[in-house]
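2 protein chains.
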Amino acid sequence: MNQNSVCPRFEKGMRIVSKRWAGLIIHQLLKGPQRFCTIETALQISGRLLSERLKDLEHEGIVRRDVYPETPVRIEYSLTDKGRALAPVFWEMEKWTSAWIELDEEPAADPLSQ
Amino acid sequence: MNQNSVCPRFEKGMRIVSKRWAGLIIHQLLKGPQRFCTIETALQISGRLLSERLKDLEHEGIVRRDVYPETPVRIEYSLTDKGRALAPVFWEMEKWTSAWIELDEEPAADPLSQ
DNA sequence: ATACTTACTTACATAAAGTAACCTTATTAT
DNA sequence: ATAATAAGGTTACTTTATGTAAGTAAGTAT
Numbered sequence: 001m002n003q004n005s006v007c008p009r010f011e012k013g014m015r016i017v018s019k020r021w022a023g024l025i026i027h028q029l030l031k032g033p034q035r036f037c038t039i040e041t042a043l044q045i046s047g048r049l050l051s052e053r054l055k056d057l058e059h060e061g062i063v064r065r066d067v068y069p070e071t072p073v074r075i076e077y078s079l080t081d082k083g084r085a086l087a088p089v090f091w092e093m094e095k096w097t098s099a100w101i102e103l104d105e106e107p108a109a110d111p112l113s114q
Numbered sequence: 001m002n003q004n005s006v007c008p009r010f011e012k013g014m015r016i017v018s019k020r021w022a023g024l025i026i027h028q029l030l031k032g033p034q035r036f037c038t039i040e041t042a043l044q045i046s047g048r049l050l051s052e053r054l055k056d057l058e059h060e061g062i063v064r065r066d067v068y069p070e071t072p073v074r075i076e077y078s079l080t081d082k083g084r085a086l087a088p089v090f091w092e093m094e095k096w097t098s099a100w101i102e103l104d105e106e107p108a109a110d111p112l113s114q
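Chains V and D supply the protein sequences, listed in that same order. Each residue of the first sequence is one higher than the one before, starting from 1 at the first, in the working numbering. Each residue of the second sequence is one higher than the one before, starting from 1 at the first, in the working numbering.
In case anyone wonders, no lab produced these hints; they're calculated from the structure. Quick caveat, the model's predicted, so the values are computed rather than measured. Since no wrong hints were added, every one of them can be taken at face value.
Identical chains blur together in the list; that is why a pair holds if it fits in one copy or across any two.
30 Å max Cα-Cα, derived BS3-like pairs, lysine-lysine:
| # | residue 1 | residue 2 |
| --- | --- | --- |
| 1 | Lys55 | Lys82 |
| 2 | Lys19 | Lys95 |
| 3 | Lys19 | Lys31 |
| 4 | Lys31 | Lys55 |
| 5 | Lys95 | Lys55 |
| 6 | Lys12 | Lys55 |
Generate coordinates for the entire structure from the input sequences, incorporating the hints supplied.
Here's what the structure looks like:
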C-alpha cells in the first residue's frame, strides 16, 4: 500500500469500527457480557440505534447474542474472539484520550438532583 | 468509571476520531505531510467532506495547515503532536484488520485498464 | 484574452441518526 | 379477570450528515 491508496482491509475495518456508536458499544462489551438495557443506559443511546448497531456488529462477527429463556427472557450480548481482539486498539485509545483530551466544561448540575 | 457510565474523555475522543473519514484522514497523514488533492485522491473522498473534516480536525488540534505562497499556492496538511500521538491506535487497528478482516470480493477489473 | 491549476464553496438530493410512541410476550399485583 | 410492570425491541417521523456535481477565486502559462 503506497501513499496513493489505502489498504482495503484497513478501510473496511475502519468503516465497521468507526461507525457511530460501534466503538463505544464494543468498548462497553469489553467490560463483560451485558444485556440490552444495560448498554442502553451506560451509553445513553436510543433503543432504535442500539438495536440496529448490535445487529450490524453481530453480522460482522464481532458481537454474539445469547438468549436465556428465563422469565422475563434474558438476552446477553458479548464479544466474539474477533471482537475481543480489538481490546488493544481501545487500550491505546484510552491512553490517548487520557493524555490529550480535555473536557470543554463540566456538565451543568442536574436540577433534579438537589 | 464503572459499568454504568462511559468515561467522558474517552467518549469525546471517540467522537472526534471515529467521525466518518476522520480516522482514514489521520491514518493517511501519519504517512507524512500532504496536500489537499493528494488526500482527496488517496481516500476517494469528496472535496466537500475533506475540507469539512480537515477543518474539524484542525479545530481539535490534531491537524495543522501550512500555507506556502508558491505558485500555485501549496497548502500542506500535517499532524500535530496530539495527532501523531494517535499512531499506536492505528498500529493496533492495522494488526486487527490484517488478522480478522477479509474482503467480500475482489473489485471488478477496471474496464479502462485493459 | 483564454485556459489551466489548486484549493475550496455552494446548492441540492439522499442516507443515516435522533426522538418518541407503540408493540409483544410474560409475570405479578389487585 | 384486569391492570400494571418489565425486557427487548419496532414504527413513524424529524433533523442532521453525507454524497454528488457544478461553480468560484487567485495566480500563472499561452
